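Chemist: Chains as they are written, first to last, in our numbering: chain V, 2 to 770; chain D, 2 to 770.
Just to be clear, a hint being listed does not mean it is correct.
Because identical chains cannot be distinguished in the list, a pair is counted as satisfied if it fits within a single copy or across any two copies.
[Claimed, not checked] Within a straight-line C-alpha distance of at most 20 Å, the following computed EDC-like cross-link-like pairs (lysine to aspartate or glutamate) qualify: (1) Lys106 / Glu699; (2) Lys718 / Asp741; (3) Lys384 / Glu699; (4) Lys605 / Asp669; (5) Lys719 / Glu412; (6) Lys350 / Glu590; (7) Lys327 / Asp420; (8) Lys712 / Glu400; (9) Lys327 / Glu86; (10) Lys106 / Glu702; (11) Lys187 / Glu412; (12) Lys110 / Glu702; (13) Lys350 / Glu699; (14) Lys327 / Glu371; (15) Lys350 / Glu636.
These aren't lab readings, by the way, just hints derived from the structure by calculation. Bear in mind the structure is a predicted one, so any value in this text is a computation, not a measurement.
This is what each chain is made of:
There are 2 protein chains.
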Amino acid sequence: MFYELNMFITKAQGFNPAWQNKIIKHTTYISLLLLIWTTAIFAQSHPNLILTTEGVKAIKSGGDAPLFEQAVADAKSEIAYSLAEGIKVPIPKDAGGGYTHEQHKRNYKYMNLAGNLYQITGEKMYAKYVKNMLTEYAAIYKDLPLHPVDKSYSRGKLFWQCLNEANWLVYTSQAYDAVYDCLSKKERKNFEENLFRPVADFLSVENPRFFNRVHNHSTWGNAAVGMMGLAMNDEELINRALYGLPIKEGANLEKDNDGGFIYEKGTAKAGFLAQIDHAFSPDGYYTEGPYYQRYAMTPFMLFALSLHHNKPDLKIFEYRDGILLKGVYALLYQTNQAGEFFPINDAMKGMSLATGAVISAVNIAYGLNEDPQLLSVAKLQNKVLLDHSGYAVARGLHEGKAQPFFKKSVELRDGAKGDEGALGILRTLKGEEEIAVLFKYAAQGLGHGHFDKLSYSMYDGNTEVLQDYGSARWVNIDHKAGGRYLKENKTWAKQTVAHNTLVVDGKSHFGGKYDIATTHHSDPYFFDIKNANVQIISAKESNAYEDTDMQRTLILCNGDDFSSPILIDVLAAFSENEHQYDLPFHYAEHFMRSNFELNTNLPKVMGEKHGYQHLYQEANGNIDSDNLQFTWFNENKLYSITAQAAAGDEAIIARIGANDPNFNLRRDALLIHRKNKAKNVLFLSVIEAHGKYSPVTELPENPYSQIKSVKVILHNKKYTIFTIKDIHNTQHTFMFSNQDNNAESIHKVEHEGVVYEWTGVVTRASSSQ
Amino acid sequence: MFYELNMFITKAQGFNPAWQNKIIKHTTYISLLLLIWTTAIFAQSHPNLILTTEGVKAIKSGGDAPLFEQAVADAKSEIAYSLAEGIKVPIPKDAGGGYTHEQHKRNYKYMNLAGNLYQITGEKMYAKYVKNMLTEYAAIYKDLPLHPVDKSYSRGKLFWQCLNEANWLVYTSQAYDAVYDCLSKKERKNFEENLFRPVADFLSVENPRFFNRVHNHSTWGNAAVGMMGLAMNDEELINRALYGLPIKEGANLEKDNDGGFIYEKGTAKAGFLAQIDHAFSPDGYYTEGPYYQRYAMTPFMLFALSLHHNKPDLKIFEYRDGILLKGVYALLYQTNQAGEFFPINDAMKGMSLATGAVISAVNIAYGLNEDPQLLSVAKLQNKVLLDHSGYAVARGLHEGKAQPFFKKSVELRDGAKGDEGALGILRTLKGEEEIAVLFKYAAQGLGHGHFDKLSYSMYDGNTEVLQDYGSARWVNIDHKAGGRYLKENKTWAKQTVAHNTLVVDGKSHFGGKYDIATTHHSDPYFFDIKNANVQIISAKESNAYEDTDMQRTLILCNGDDFSSPILIDVLAAFSENEHQYDLPFHYAEHFMRSNFELNTNLPKVMGEKHGYQHLYQEANGNIDSDNLQFTWFNENKLYSITAQAAAGDEAIIARIGANDPNFNLRRDALLIHRKNKAKNVLFLSVIEAHGKYSPVTELPENPYSQIKSVKVILHNKKYTIFTIKDIHNTQHTFMFSNQDNNAESIHKVEHEGVVYEWTGVVTRASSSQ
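Model the full structure from these sequences, guided by the hints.
Modeler: Spelled out as structure tokens, the structure:
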């Protein structure tokens, strides 16, 4: 017993064994020892990771909270079968989607639920379930070889990759914390020595390439080791998690299986605090984009909350000016009206605020700041955590405290210092539907980034007006390469032509080379949302192509002047050499009409690389008027593009699907506005969500564009002046300064006898004829 | 005044003017006159068409009915702008979708609403609005030439086709009835002489080809003339509506602009009662299918209700064993779980129970039978009529009387006598989702029919598992041929290969010739839904191809034996000559995997006619095993086909879109199972809705088929015996008698040493290995 106590203290306080030996030898120090022991016991009060003793008390004694009660009932029901059927801890064999993979995932999820249920209900059977499962894992773990599926840069033992093993530990640490008081010392010793410490060591010292970089995989690794360190009260593990392993200098820049460099960033630092320092921009933007941020928020928030409970002096939620909570809000802003994340980079479409990771993030954030707007998000999620924060959310909702979550137009800077471009989001209302425009002028976004400088996507409510393809993948669906990224993700989805941005000479930005792309970013030029009816973003890109500079300005107009909001898209390219300029509009479906004659052809493959090898040209047209107009129909809504055209311009209607032997790509349609053999070009396009249709009344509303014509008056590196005429003959003139973004500057341009004069970057004038 | 009274009686009773003159001359007859006058007044009590004096009283004095109050508020709001802005009765100019067309549509709709509002609220301004609008119409109507758009077999004057003109009169008659008491005799005379009678005559005696056949156009014509006859108390018009014009013998079989023959059927009879006799089968099925039935139900129900109020002795709702109400229920059965009509024939997808026509039908039916199940439909519709039946529905809902509407599996016979084939619907539940199978072995369905003998479509909840393409059209959308049928409707949508049924030698049924197709129908062979877990339909077709007979049997299995319902599709063709047999499966999207090697190719056009000219082959595979298995993904669900294959079988993956210069067709995908150079063939296929996927949890459920193999044991004209083995190695053997559908017959077949013996048409045996 004394030995155990001794070991216990050793583990608990990370004492130097030599010093400890001295203590044991000097019985005069017994009183000190007891004091320390008491402190240790106090410090180790369980639960104190995500659940806390006080939190559990509050839940048990608090008022009604139907959503929380539902969460308890759901959890009971979810694990009921496993509880009755018995523990299953199979020898690891399958990759993602396969049986053993899914079973081990279920196991950590169920252990976590059972641990929470034990705390909330007091029913011992739940604790026993966790204990039994841990016993089985402890019996096999140390002897497990590396996982037989060899497809990861860092294979796990239970899973094919360390990442899943870290997930396992994050949840298992919570389960252990929750049932800690039910376990005998012997059991704890068994678990800690034969399971937890080995897993934690495996994920860190044995896999530094997994653990020791700035990357979402490592965040999971850090949180896993740190949370288990907190649960075991193992300072060494906690410190390893917070500060990383000692950095190896001059490590090779190998690539991981997400395509990112190992040791790409953060070679100077590692560990959880370094993740926080590097992963987020000062605005809470995560350089890989919201799909990955959502996933990464879980270890950030869970480990942070655990630290908040156990190491309050660290003030983790105040770290970097409260960056973690900023990250939660940044994540919420990066969604369409349905709450689905904008699918930039390697994102799967359909992932939304309703996902578990965001439920955790929103619940934990609400537990900290009690922002009633977060309750609206929780209402949409309709599910809460099984902890005190989840209870608080459920109570808040039950008490009617929710306020609408206001998603503002916002510019989220990229880069740890906020100086690596940005993601700009403009929003305005069309009746009850929100028109949202997501403009990407950020950094590459690490290994999951796409070659999509100055690309944007546009939403009309939940409908994609101009889509971002997202990634070519079916996560967890075995039929499609075991649920992993498909090769078309690289050959199509990442390529520039798969996005709504300029392709020069049929080549992707940076030649499609990640190593180059990742060293550059676009530059914000102007962001102004003061006038809600004329919101503007402008950004520049000068590295994507060697001899071509680009500037794109998006102006979202609304208000009485327009029957529905219009997006003005002004894309300029400057080059000293002649190029072919392709501007794709990914409208997906379904062509309705064009103002140019369509020459349809048998589908022909458009190129050999940079994504063009996946495109079929289905039709083209030579634009012989000053404007190109194109109307399409999607989800019972009608959209139009009206663009300025010049002699020689070509419109190509294309469809994705060429060179796709396994039918991995969606057969979506796109329009390409092509300008051949040009040096400096300006694409001036107006995109509108003007109409809708009801298949029940069979009546269309506003099936035609409200734009009669668009016209460039003057365009050079310094200024762009253009007009938009609507069907009522009202003419809107926009004057824009391309090189001076000082709000006080006075600009004066004379052109064809007309003097244009304005102050600041942009102005708009309207006149009726 | 006396003159007016006199005229009034003349009009009202259809008196012989000569006789009337005598009355006037003989003052002794004054008392008689007063008696008659009183009767006339009584007979003409207004409103009495759709609204009735009693109904209005009941509405005004009845209890709360929120949905009705909402309908009143909606109606007020809908016409508020027009009420303030003033009447607009433009000179007719545009076709469907254009301004004058839509304005005249709005006008009759608003007049009807205003009339109802006047009755319900008592506010005179609504009556005045109707009066003013009628005044404008009366001022121009007689002098209007035929509509300038010459695209209909029966041009209207206000509209490009008489059909819309009849719509106008159906609603205007209600408006007139509602405001009748507010009008001076002079006003009535003006309207009746200069507007109503001229429109009624125009639609009937001046357009017999429109008025005098058995066709939904004529039903509108009959109802229009009849309802205005009732409103004006004009027996001659009423009789004309009920019994038609005298039949012209030997009229030419010209085609109307829907492709149907003028005077196709009903040359022996015409008028409303003939419509009822011919339009519906004894089960209430309407041979053109639910999309057209929905449209046709409005004149049937409105005129019938008007007759019910005015000519109760006619007992119109008891006519033909209560066929009109049977029609309402038949219509409700022909919907998927979302309440959308099965899009057979020239149907637009998305048309649903929520449409105004079905609201009318359901409200009127409820007003007559008070079936609480109808209230569930009304709840889904969330809108009620502005009459007493609508009020009754709203009251019923408010009082919580609604009961679930049970959509049973049902066979709806086709043909006026019920002997022209049928439409069979099988339904079963998969959790909360309904698997529905619609099997079409009916008559051609008049001019809107498709060449789709023995075709079926399948639904999983609201998702199409195997689709019916529907029609190639965007109703009312000007961009697409003015909203009319597109030429691809004929060249693609109607063709056999556009359906899930057998195509022999690349030719459509009946060679795609309507004149031949319309003289034939398929034959029901067996329909049995007694066992809810083994529901069966079998039907035969012997006319679609000259030398090939077909039989198709669909078996929908559910229950503990299956993890999800399976549909067994047994399609046999018998011929003495060799043919190419193509069986398309219109899965739409997205290919996941096949058990055969895919050879993808550049899209190549599959043929020159019968719809093949619109198909691109994208890949093919030669089946070298006994089974073909194919899995796809649609709306986050996973589906599979497992089919028996024989040496030489080919699988073709195709996509719609070839020879479609205006992008009128959807680019949906299909699988074609092809058997070359065969005489007798059997296609045995199992279709399953086995899996689903959540983009939020990113977890698939049951991504793989539960079927291991299917195998034909024995097949000839007399018997078909086959087995289906599932992944648990349970083998299900089905024995089917193809020629003897007597439930008492005992069948005994010996094959390869095994004796198969059963009673009745079909039996199933299961064994585990």
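Chemist: If a hint holds in the structure, say so; if it does not, say that too.
Modeler: Going through the hints against the structure:
Taking the closest pair of Cα atoms, Lys106 and Glu699 come within 20 Å of each other only across two copies (13 Å); inside a single copy the shortest separation is 48 Å, beyond that limit. With identical chains, the CA atoms of Lys718 and Asp741 are at most 20 Å apart within one copy only, with a shortest distance of 11 Å there and 85 Å across copies. When the C-alpha separation of Lys384 and Glu699 is checked against a cutoff of 20 Å, the pair qualifies only between copies, where the shortest distance is 17 Å, while the shortest distance within a copy is 38 Å. Taking the closest pair of Cα atoms, Lys605 and Asp669 come within 20 Å of each other both inside a single copy (15 Å) and across two copies (19 Å).
Taking the closest pair of Cα atoms, Lys719 and Glu412 never come within 20 Å of each other, the shortest separation being 24 Å inside a single copy and 74 Å across copies. Taking CA atoms no more than 20 Å apart as the test, Lys350 paired with Glu590 passes in both settings, with 17 Å inside one copy and 16 Å between copies. Only within a single protomer do Lys327 and Asp420 lie at most 20 Å apart by alpha-carbon distance; the minimum there is 17 Å, versus 71 Å between protomers. In this assembly of identical chains, Lys712 and Glu400 lie within 20 Å of each other by CA distance neither inside one copy nor across copies; the values are 55 Å within and 61 Å between.
For a Cα distance limit of 20 Å, the shortest separation of Lys327 from Glu86 qualifies neither inside one copy, at 43 Å, nor across copies, at 51 Å. Proximity of Lys106 and Glu702 under a CA criterion of 20 Å is satisfied inter-copy only: 15 Å between copies versus 49 Å inside one chain copy. Taking the shortest Cα distances, Lys187 and Glu412 never come within 20 Å of each other, neither inside one copy (55 Å) nor across copies (70 Å). In the homo-oligomer, the alpha carbons of Lys110 and Glu702 lie at most 20 Å apart only across protomers (17 Å), although the nearest pairing inside one protomer, at 49 Å, exceeds that limit.
For a Cα distance limit of 20 Å, the shortest separation of Lys350 from Glu699 across copies, 11 Å, qualifies, whereas the shortest one inside one copy, 30 Å, does not. In this assembly of identical chains, Lys327 and Glu371 lie within 20 Å of each other by CA distance solely inside one copy; the values are 14 Å within and 58 Å between copies. Taking CA atoms no more than 20 Å apart as the test, Lys350 paired with Glu636 passes in both settings, with 16 Å inside one copy and 12 Å between copies.
Of the numbered hints given earlier, the model fails hints 5, 8, 9, 11; all others are met.
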